Amino acid sequence: MTNKTLTYLIFLLIIFKITAIYYTNFGLYGDEAQYWLWSQALDFGYYSKPPLLAWFLNGYTGVFGSSFISLKIFPALVYLFISYAIYVLCISLSLDKKSAWLCALSFLIIPAASLSSFLISTDLLLLLFWTISMVLLLKTINDNSTFGFLLLGLFLGLAFLAKYAAVYFLLSLFLLLIIDKKTLIAFKNSPVGVLVFLLSFLLVLAPNVWWNFNNGWVTLSHTSDNANLQNLNFNLYEPLKFIGAQIIMVGPFLFFSFVFFLKYFRLDFENKFLLAFSLPVLLIVLVESFLVRANANWAAPALISVFVMLFRLVDNKKTHLIKINFVLNYFIATCLFASVLISLDNKVFDRIKGIDEFADEINGIINNKDLVISDRIVFSNISYEIRNKQNRVFMPYKNNAPMTNHFQMSSPLKSDRKDSFFLIGSLSDVSYLSKKHRGELIKEFGVSFSSDPLRLYEVSFK
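Taken in order, the sequence shown gives residues 335 to 796; the numbers are from the working numbering.
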């Protein structure tokens, strides 16, 4: 198969994906709905994440609307840009154009990309600006221009505004300076460029730092809670699960082909560069998985370098193995989107099915009254589903209590509330209200997207 044929196959897969999105009965995942909500109220930061995804979504929905199909096309579009950035990265790493194009096409359908390109997440823009920053770093090492340092600082700043995991880039850069003389000389010989890099990076980051300063550094608090190192739970299962997930995400066939040809692996500049931008991330997350836990996507930026490194060696030895890998990954992607198309009744999809029906039933009961929702995910889902209704949605929050999500900041239910409302949650969630009130259970719902039954109460004031 030629690159032209593979490009046509990618185009057909994208058409199939859009068709699956159009006909599926699935809804948005809770975090996706949350990011959409954030995009409707632009700010320089949010409780758990920096603001770049919300900014991009705001511009995108302003042009293409907020329908389910429109929102689901957004990550697919971003992945096309990520793929092109990988093509440029491969060229910068001395691959010829034909191999670079094959690498970019192959990346588009690795299991990680097939899944991630169906979900709105902060990883999307992180991967895009991380890859662009890698390209700019290579260019800066080669030409040592002050303008290159400026661009590197600006785009790395955007990566940070996408997701704080971009801090790994600085760790990787530090490692590269240690292990590669060429990079060290480039930075040593350009003190003005390094200063420009740091200043431009901090300039992009400044609005989010200012927002955190004015909001009690809540994002740092959330990040430390995620690390959760106070609840150590030494185990070997989580690291093994993490390693297995990375192999699956990058493509098992490509990984084991690389292992087979490992004796031909050489530590040239290109491989040192790719190792520097993958090993620190993988090792840190692996250690965290041993100490507490780790989600597979926490090491997402490392997959860019890992994939290109695996591709370089295997493509150099046996190009036809790359194409076999393409066919296998294409089959996996097709099965995934076929499952979406038929709205497959499987536990894997529990979090994204039944949401619209639940929202319709709730809306039929509450009419135009305000709704208070205790759970962040349910809050996000319902707010999105009833976005064209007149209902206002609030989150229980007692003043000065520890915050656990952004909606306690942006849509708190005030303690002096005196107008009746409907509540999805527990009556104890609103016990802090100062006015005398009573709650009547209307209905209990057992829904697939919530692990616990959801109770709907009508709360009225005496």
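Don't read these hints as lab results, they were simulated from the structure. Heads up, a few of these hints could be off.
What the hints assert, rightly or not - Label pairs and their calculated CB-CB ranges:
no., residue 1, residue 2, range
1, L376, K732, 21 to 29 Å
2, L449, V593, 53 to 61 Å
3, K723, I581, 43 to 51 Å
4, M335, N697, 22 to 30 Å
5, S760, L601, 26 to 34 Å
6, L613, F547, 30 to 38 Å
7, K652, F415, 26 to 34 Å
8, L505, A540, 16 to 24 Å
9, S749, F481, 26 to 34 Å
10, K515, V593, 51 to 59 Å
Stated by the list, open to error - Here are the simulated lysine-lysine pairs, DSS-like style, with alpha carbons at most 30 Å apart:
no., residue 1, residue 2
11, K651, K703
12, K748, K732
13, K723, K575
14, K516, K687
15, K769, K732
16, K770, K723
Since the model is a prediction, treat every value here as computed from it, not as a measurement. The C-beta atom is built at its ideal place from N, Cα and C for all residues, glycine as well.
Hint by hint, here is what the structure shows:
1. L376 <-> K732: 21 to 29 Å: At roughly 27 Å between Cβ atoms, K732 and L376 fall inside 21 to 29 Å, so the hint holds.
2. L449 <-> V593: 53 to 61 Å: This hint is violated: roughly 23 Å between Cβ atoms.
3. K723 <-> I581: 43 to 51 Å: holds, 45 Å
4. M335 <-> N697: 22 to 30 Å: violated, 50 Å
5. S760 <-> L601: 26 to 34 Å: Between S760 and L601, where Cβ atoms are some 58 Å apart, the hint is violated.
6. L613 <-> F547: 30 to 38 Å: Once the Cβ atoms are compared, 33 Å apart, the range 30 to 38 Å for F547 and L613 holds.
7. K652 <-> F415: 26 to 34 Å: holds, 30 Å
8. L505 <-> A540: 16 to 24 Å: holds, 22 Å
9. S749 <-> F481: 26 to 34 Å: Taking Cβ atoms as reference, S749 and F481 lie about 55 Å apart, which means the hint is violated.
10. K515 <-> V593: 51 to 59 Å: Once the Cβ atoms are compared, 29 Å apart, the range 51 to 59 Å for V593 and K515 is violated.
11. K651 <-> K703: Roughly 66 Å separates the two Cα atoms, so the pair is violated.
12. K748 <-> K732: Holds, at roughly 8 Å.
13. K723 <-> K575: The hint is violated at about 43 Å.
14. K516 <-> K687: Since the Cα atoms of K516 and K687 sit roughly 53 Å apart, the hinted pair is violated (cutoff 30 Å).
15. K769 <-> K732: holds, 14 Å
16. K770 <-> K723: Within the cut-off at roughly 29 Å; holds.
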